[in-house]
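Asks: Sequence:
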Amino acid sequence: MNLIARLSVSVLFISLLWSPFATAQLAQAPTSDTTSSILPDNTISYCVDPDWAPYEAIRNGQHIGISADYMRIISDYTGIAFQLVPTESWQESLEFVQAGKCQMISMLNVSDFRKQFLDFSIPYFEAPNILVARKGTPILQGYAGIGNRSVGIVKGYRQVEYITRYYPELRLKLIKSEREGLLQLMQGEFDVMVGSLMSVNTHINNQNIQDVAIVGYAEPFDSLGFGVNKSISDILPIINQAIAIIPETKRVEIYRQWNDVQVRYQRDYVKLVMTLMFVLLVVIGLVWRNRTVALYKRLMKQKNAEIESLQTTLLDRNRTLEFLSAHDSLTGLYNRNHMIQKAEEEISRFLRFHTRASLIVLELIPTKDRRHETDPQHCEQVLKILASVCLATVREVDVVSRFSGEQFAVLCPQTNLAEGEVLAERLITAVTANRDITEADMTVAVGLSDLKEGEGFPDWFERTHKALYQSKRLGFGKLAIAE
Numbered sequence: 001m002n003l004i005a006r007l008s009v010s011v012l013f014i015s016l017l018w019s020p021f022a023t024a025q026l027a028q029a030p031t032s033d034t035t036s037s038i039l040p041d042n043t044i045s046y047c048v049d050p051d052w053a054p055y056e057a058i059r060n061g062q063h064i065g066i067s068a069d070y071m072r073i074i075s076d077y078t079g080i081a082f083q084l085v086p087t088e089s090w091q092e093s094l095e096f097v098q099a100g101k102c103q104m105i106s107m108l109n110v111s112d113f114r115k116q117f118l119d120f121s122i123p124y125f126e127a128p129n130i131l132v133a134r135k136g137t138p139i140l141q142g143y144a145g146i147g148n149r150s151v152g153i154v155k156g157y158r159q160v161e162y163i164t165r166y167y168p169e170l171r172l173k174l175i176k177s178e179r180e181g182l183l184q185l186m187q188g189e190f191d192v193m194v195g196s197l198m199s200v201n202t203h204i205n206n207q208n209i210q211d212v213a214i215v216g217y218a219e220p221f222d223s224l225g226f227g228v229n230k231s232i233s234d235i236l237p238i239i240n241q242a243i244a245i246i247p248e249t250k251r252v253e254i255y256r257q258w259n260d261v262q263v264r265y266q267r268d269y270v271k272l273v274m275t276l277m278f279v280l281l282v283v284i285g286l287v288w289r290n291r292t293v294a295l296y297k298r299l300m301k302q303k304n305a306e307i308e309s310l311q312t313t314l315l316d317r318n319r320t321l322e323f324l325s326a327h328d329s330l331t332g333l334y335n336r337n338h339m340i341q342k343a344e345e346e347i348s349r350f351l352r353f354h355t356r357a358s359l360i361v362l363e364l365i366p367t368k369d370r371r372h373e374t375d376p377q378h379c380e381q382v383l384k385i386l387a388s389v390c391l392a393t394v395r396e397v398d399v400v401s402r403f404s405g406e407q408f409a410v411l412c413p414q415t416n417l418a419e420g421e422v423l424a425e426r427l428i429t430a431v432t433a434n435r436d437i438t439e440a441d442m443t444v445a446v447g448l449s450d451l452k453e454g455e456g457f458p459d460w461f462e463r464t465h466k467a468l469y470q471s472k473r474l475g476f477g478k479l480a481i482a483e
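So the sequence shown is numbered by UniProt numbering: it starts at 1 and just counts up by one.
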């Protein structure tokens, strides 16, 4: 599988990892009555990047793409009517929203410059950025590996601000769109282009471009959400709530609909060329033999050094990806996928040896009405503190994970229900004794269950989740044990 396919799999994985599955179960869809108090006519005018397929584009006056599908779902949930304001370029869209000609941008990253005139929703789609160059260009290790090559990038993209700040030595050439940028790259107007994976791949396939290749990653990856004019920023909690309850199945369906990554294979003529060169050298004669052997030795030494360097780089990247695939980026705890894997291992051990196991699910909840507080940095800090408390309280054999949003799960191997109850009570005591959590008017609801005969992880987790709901009904900091 080539680099495009691997990056595509990464996009799907990141999107699934981010999807707030448990939050969607708890949240209620916003109503049109709620939005009408903020938007008198219940309508938001918006601009898009007109040439950024498959993320979004304007074709025959219609908004299409990933962002269009998400906006249709959010419109169904909230009753908000979205009205497209057509533009000719991404830069024009930014100018329109800054001048108030439209109220919202449908899909963009957060940046310091954009924060001056926009407020942002939570991300609803994440995807990697890549470096594209003509074939024959070596693998580039991010922006630091570009060297003195010139770089093409779409005017108005967040990457322009990022490169200007952190890599000011790079020579930038601003382009109108990624589609036009690929054509300029083939014509040699610059050496490397920065683009988004799915968009670049779409243009390569649609235009049958043969002479370019992906040569590296471009940090940071896209974390895409809505950007609204500050005059209507009160609508963000409603939009965020709608984003949070979009089902995981719907997210995957949208991704698959617009992902058209194709694997291309190339013939390897290296062996044929080497054979012809060998025959030619034999014909030339023994006079050149020693010189030719010396030349090949130097070349092989150089290639081996390059291969060793690339292998070292790949090993480092693989270790980093392995860590990221199993850990939550905010708290450093294990993530949902790793927890499910460990739970399945524990279920297999239970079937073979009948060793007991318990599962604790706890959720961070406010002790009073905090629905109007929208400080994400404060919430993230409390989540980090709760993660530290959990790690300091559980045993070494226990597996602690951030299962979703504000929910944490603790897998307790070789632990019966009574022992699990002791550990759960110890967690509640540790949380309620933590000043940072209590001063933030937060506490936890805790559900506990032990593994039953013939039970798979979904059923086990569902029983524990029901106990969690029961804990919320019992009051703050109360343990509920599943039947």
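Heads up, a few of these hints could be off.
Unchecked claim - Simulated crosslink set (DSSO-like; lysine-lysine; CA at most 27 Å straight-line):
#1 Lys-466 <-> Lys-368
#2 Lys-250 <-> Lys-297
#3 Lys-342 <-> Lys-135
#4 Lys-301 <-> Lys-135
#5 Lys-101 <-> Lys-135
#6 Lys-173 <-> Lys-230
#7 Lys-176 <-> Lys-115
#8 Lys-230 <-> Lys-271
#9 Lys-342 <-> Lys-368
#10 Lys-115 <-> Lys-101
#11 Lys-115 <-> Lys-368
#12 Lys-342 <-> Lys-173
#13 Lys-115 <-> Lys-297
#14 Lys-135 <-> Lys-155
#15 Lys-135 <-> Lys-303
#16 Lys-478 <-> Lys-466
#17 Lys-250 <-> Lys-368
#18 Lys-472 <-> Lys-384
#19 Lys-342 <-> Lys-297
#20 Lys-250 <-> Lys-271
#21 Lys-135 <-> Lys-173
#22 Lys-155 <-> Lys-230
#23 Lys-478 <-> Lys-452
#24 Lys-466 <-> Lys-384
I should point out that these hints are in silico values taken from the structure, not numbers from a laboratory.
Asks: Taking the hints in turn, state whether each one holds.
Replies: Hint check results:
1. Lys-466 <-> Lys-368: holds, 22 Å
2. Lys-250 <-> Lys-297: This hinted pair is violated, its Cα atoms lying about 57 Å apart.
3. Lys-342 <-> Lys-135: violated, 43 Å
4. Lys-301 <-> Lys-135: holds, 23 Å
5. Lys-101 <-> Lys-135: Judged against 27 Å, a Cα distance of about 42 Å means the pair is violated.
6. Lys-173 <-> Lys-230: violated, 31 Å
7. Lys-176 <-> Lys-115: Cα-Cα ~23 Å, so holds.
8. Lys-230 <-> Lys-271: Measuring from Cα to Cα gives roughly 62 Å; hence the hint is violated.
9. Lys-342 <-> Lys-368: Judged against 27 Å, a Cα distance of about 35 Å means the pair is violated.
10. Lys-115 <-> Lys-101: holds, 18 Å
11. Lys-115 <-> Lys-368: It is violated: about 30 Å lies between the C-alpha atoms, which goes past 27 Å.
12. Lys-342 <-> Lys-173: violated, 49 Å
13. Lys-115 <-> Lys-297: violated, 57 Å
14. Lys-135 <-> Lys-155: Given pair Lys-135, Lys-155 holds - Cα atoms ~25 Å apart, limit 27 Å.
15. Lys-135 <-> Lys-303: Holds, because 18 Å separates the two Cα atoms, which is no more than 27 Å.
16. Lys-478 <-> Lys-466: It holds: about 14 Å lies between the C-alpha atoms, which stays within 27 Å.
17. Lys-250 <-> Lys-368: violated, 33 Å
18. Lys-472 <-> Lys-384: holds, 22 Å
19. Lys-342 <-> Lys-297: violated, 50 Å
20. Lys-250 <-> Lys-271: Status violated; Cα separation ~48 Å.
21. Lys-135 <-> Lys-173: Holds. Lys-135 to Lys-173 sits at ~20 Å (cutoff 27 Å).
22. Lys-155 <-> Lys-230: Holds: Lys-155 and Lys-230 sit about 23 Å apart, inside 27 Å.
23. Lys-478 <-> Lys-452: With Cα atoms ~23 Å apart, Lys-478 and Lys-452 stay inside 27 Å; holds.
24. Lys-466 <-> Lys-384: This hinted pair holds, its Cα atoms lying about 25 Å apart.
Hints 2, 3, 5, 6, 8, 9, 11, 12, 13, 17, 19, 20 from the list above are not met by this structure, while the remaining hints are.
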